[in-house]
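Engineer: Using the sequences and the hints, build the whole thing.
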Amino acid sequence: MAAVNYEIFPDILKLNFDSDILGLMVLQRKRLVVQIRKEALLEIANYFLDELKYRFVIASGMNADHGYDIIYHFSDDSTGYMVNLMVNIDEKKPEIESMANMISAANWIEREIHEILGVNFINHPNLTNLISGENWEETEHPYARPSRDNKKSQRT
Amino acid sequence: MSKKTVIPIGPYHPLQEEPELFKLYCEGEIVRDIEWETGYNHRGIEKINESKTFDQVFFVVERICGICSTSHPFAYANAMEEVGRVEVPDRAKFIRTIIGELERIHSHLLWLGLAGHFLGYNTVFMWAWKYREMILDIFEKTTGNRNNYAMFRIGGVRRDIPNIHISDVKKMLDAIKPKLNLLLGAVMDDPVIHARTKKVGILTKEDIIDYGAVGPTARASGIAIDVRHDDPYAAYPLVDWKVITSDGCDVYAKTEVRLLEMLESVSIIDQCLDKMSHTKEGSIYNPVKEIPAGFGFGRAEAPRGEVFHFVKTDGSNSPARHKVRAPSYVNIATFKKSCIGQTISDATIILAAVDPCYCCTERMAFAYDYYSGKQIMNGLDLIRISQQKTKELKMKM
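Sequence order for the protein chains is A and B.
Using the working numbering, read the first sequence as starting at 10 and increasing by one per residue.
Using the working numbering, read the second sequence as starting at 4 and increasing by one per residue.
The hints are simulated quantities; they were obtained by calculation from the structure and are not laboratory data.
Take these hints with a grain of salt, some might be off.
[What the hints assert, rightly or not] Quick list of the computed label-pair ranges, beta carbon to beta carbon:
| id | chain 1 | residue 1 | chain 2 | residue 2 | range |
| --- | --- | --- | --- | --- | --- |
| 1 | A | Asp74 | B | Asn125 | 40 to 46 Å |
| 2 | A | Tyr15 | B | His45 | 35 to 41 Å |
| 3 | B | Pro165 | A | Gly32 | 48 to 54 Å |
| 4 | B | Gly31 | A | Gly32 | 52 to 58 Å |
The C-beta atom is built at its ideal place from N, Cα and C for all residues, glycine as well.
Structural biologist: As structure tokens, then:
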């Protein structure tokens, strides 16, 4: 594993993926949040998993002002450094490329996010409900909140 | 075409008696494929927490799991202290570490007892659970509770362990050391346990990395990941200890890692008690007035592996989003690798080797013949065939 100097790490990242990075937030205790374009997710995730040998921890899906945010958490276990890739997904077209074909650990959490928020993961091998089984409507997404400017998406 | 049988294990799990459904697709005795279903006890805790204050969340996350009831508050406290940039007094760090390690010992003992029982070693079961009581006694002495200890708060702990109790706790801890060694010897020297667990349920390094498995499951495959070491928190950087690993990759290696970890935990607690006695009594938390908007990424090493809590705050007094990832969420996925190609009688111990942690509801499972629909075996039968295999092995030896 290449030793990375975390002082300059955000700059290296910018150098490699400048056009894909929308924002960078350096938090305390070895934490970095990187906002990226959703189209670049697989490429950047691959950089962390394959080249830097990070471990995929989990992804967190949440409501944002317009659509949804998904944060993919990666951990470098040799240093305890965590990189969090944040993508914004438009409410009108809630879809993103699946990571499950790249790393099996992403399989179930993508199913879960699909289920609770209604985000569609393209090319996922088995995008069925994970926790609510078959007795829950496919169109019901319990965690999704309607955004302020789109009343159509209001759910009961 | 050969005849295939589907054997559902669960939702009432044959080993842990908790709800989770595994469908084993078998050809004769051999497991060819496995499917997994969860959600039988989904309580929407992440959603509930959005309506609780930061302090109330501790009591909710403590009840996610009965066995590792401190690891969730631990990770949540780490996350909140990261957002709020809160420093924790040394004494609180030691107390947190002591509680975390006591929990590791009692959780591993519980697992060892169950694993012994399902291999047909009821003596191991009786011993392990008997000695687990000694740990629960220490909990009762130090926290006032045997299971949900309610010790954590943002900025420290709720209750002190007074210095006059330290010598008593040390005595209780000394009493448990020979018992742990006894169990270690009983398991490591038994040829039948070796025969039942070695080269069974293999998980290679590649499998672990692909499925993102953590904790003793990963460490038994030679991957030395341990949050206590990699991303140190609480008092772990202040004491001497080592990460236990094994290269066996099988069920035996997982047992070995857990047994040795218990001894390591005793040593950590011992050192914490010594160092704690030099800190100021009563200085157990720093008051926190408000939590700013931001992100917190909290991790803690539970008995089963890394617990991860992500908290998004918005400047109010409750989380805007709280994501919880328990270690079993990633560890259970490895069954897809470890079970396939193994026999049905080994499946129970392989599923148990990961120490899967669900929560408690009760349902009943039966195995049906894939074609006739006739019931052929239930959960108890699976345990029986596993115990039968051990018996046969003993007779041969």
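Engineer: Which hints from the list above does the structure break, by number from lowest to highest?
Structural biologist: 1
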